[in-house]
Amino acid sequence: MVKVNGEAKDIAGKSIAEYLATTSYDMRRIATELNGEIVPKAVYADTVLADGDSMEIVSFVGGG
Amino acid sequence: MNNDKLIIGGHEFQSRFILGSGKYSMKLIEAAVKDAGAEIITLAVRRANTKEHENILDYIPEGITLLPNTSGARNAEEAVRIARLARELGCGNFVKIEIMRDSKYLLPDNVETVKATEILANEGFVVMPYMYPDLNTARDLVNAGAASVMPLASPIGSNKGLATKEFIQILIDEIDLPIIVDAGIGRPSQACEAMEMGAAAIMANTALATAGDLPMMASAFKQAIEAGRRAYLSGLGRVLTRGASASDPLTGFLRD
Numbered sequence: 166m167v168k169v170n171g172e173a174k175d176i177a178g179k180s181i182a183e184y185l186a187t188t189s190y191d192m193r194r195i196a197t198e199l200n201g202e203i204v205p206k207a208v209y210a211d212t213v214l215a216d217g218d219s220m221e222i223v224s225f226v227g228g229g
Numbered sequence: 119m120n121n122d123k124l125i126i127g128g129h130e131f132q133s134r135f136i137l138g139s140g141k142y143s144m145k146l147i148e149a150a151v152k153d154a155g156a157e158i159i160t161l162a163v164r165r166a167n168t169k170e171h172e173n174i175l176d177y178i179p180e181g182i183t184l185l186p187n188t189s190g191a192r193n194a195e196e197a198v199r200i201a202r203l204a205r206e207l208g209c210g211n212f213v214k215i216e217i218m219r220d221s222k223y224l225l226p227d228n229v230e231t232v233k234a235t236e237i238l239a240n241e242g243f244v245v246m247p248y249m250y251p252d253l254n255t256a257r258d259l260v261n262a263g264a265a266s267v268m269p270l271a272s273p274i275g276s277n278k279g280l281a282t283k284e285f286i287q288i289l290i291d292e293i294d295l296p297i298i299v300d301a302g303i304g305r306p307s308q309a310c311e312a313m314e315m316g317a318a319a320i321m322a323n324t325a326l327a328t329a330g331d332l333p334m335m336a337s338a339f340k341q342a343i344e345a346g347r348r349a350y351l352s353g354l355g356r357v358l359t360r361g362a363s364a365s366d367p368l369t370g371f372l373r374d
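Residue numbers (my numbering), protein chains in the order written: chain A, 166 to 229; chain B, 119 to 374.
If we strip away everything but chain A, and leave its shape as in the complex, we get (with noise of 0.2 Å):
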């Protein structure tokens, strides 16, 4: 299991990139981070994620 903003996903093997494509997170407006390090877009693709693996993915949101 991979652990996705605090939820368990069943999505071990897949690279970023591929998780990415079955979600409608807006690709222009989040950043991830995987195992506390950030991951550029770049790697999405050549990212895998493992069993065990915790990925935060974050935007922007009004703030003071």
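Keep in mind that a hint or two might mislead.
As the list claims (entries may be wrong) - Listed next, the stretches of chain B that the computed footprint assigns to chain A, with coverage defined by at least 3 CB atoms under 8 Å from CB atoms of chain A:
1) 135-143
2) 186-200
3) 345-354
To be verified - One side of the interface only, derived from the structure: several residues of chain B facing chain A at Cβ under 8 Å:
4) 203
5) 323
6) 324
7) 328
By construction, these hints were calculated from the structure, which means they are not laboratory data.
All of these numbers come straight from a predicted model, not from anything done at the bench.
For each residue, glycine too, the CB sits at the ideal point set by N, CA and C.
Following the hints, put chain B in place on chain A, whose structure we already have.
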């Protein structure tokens, strides 16, 4: 006045009003930016939501500088992490450091803020740290590479005004960086007063978000900030410690 620019980390701004974007409808952002005359707007970073397709970036007009904050960070390490993610979102390298250990009063942790400032300034960020107005911390922030110092006027979201006035004045007098009063400013008159004192800019969010008519309040703040700036540049008139000073001629009275 046209040559009077706010310079932060080598970037020039005409406006001295930094606008927050929290706690109100994204649909009001464009009007708020326009009526505030703002050139900088703050944002927060949070887990992305796939269900909500509206993104705040779609509502911010072109040419506005984004100032992501590190809200949610409880220490320097978390602030650095959020700042790096914000930069990865691809909207520039400005960051407002905001580190809070205290969830009741939301007071910034000055020690952790200095640590995060040093790390992020070394990574090329334009670092704008939110802090409790303390001269020693402000000096540490200068040495750590901050591009401005953002002391709080009163607790975040309180609209209580310049509770820390005397200490902000010390920062204005002693620190050779723009002092931007952030948090607690609730009324245009308070923003004006801070500008008269020599603050470089005002950051406001809740004062607008909780106002009756947000864009109208944005324009009221804009005018107050400009008035305060002009007053500061002109030099305020002196205050008498005692007595009075006539404004009218002391000769030619219609008597005797």
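Each hint, compared with the structure:
Given a C-beta distance limit of less than 8 Å, the hint that chain A covers the stretch 135-143 of chain B holds, as 5 residues qualify and 3 suffice. With 4 residues bearing a CB less than 8 Å from a CB of chain A, the stretch 186-200 of chain B meets the requirement of three and the coverage assertion stands. Counting residues of the stretch 345-354 of chain B whose beta carbon lies closer than 8 Å to any beta carbon of chain A gives 0, which falls short of the minimum of three for the stated coverage. The interface hint given for residue 203 (chain B) holds, since its Cβ lies 5 Å from the closest Cβ of chain A, which is under the 8 Å cut-off.
Here the hint on residue 323 (chain B) is kept, as its CB sits about 3 Å from the closest CB of chain A, short of 8 Å. A hinted interface residue such as residue 324 (chain B) counts as satisfied when its beta carbon comes closer than 8 Å to some beta carbon of chain A; here the least separation is about 7 Å, so the hint holds. A hinted interface residue such as residue 328 (chain B) counts as satisfied when its beta carbon comes closer than 8 Å to some beta carbon of chain A; here the least separation is about 12 Å, so the hint is violated.
In summary, the structure is inconsistent with hints 3, 7 from the numbered list given earlier, while agreeing with the others.
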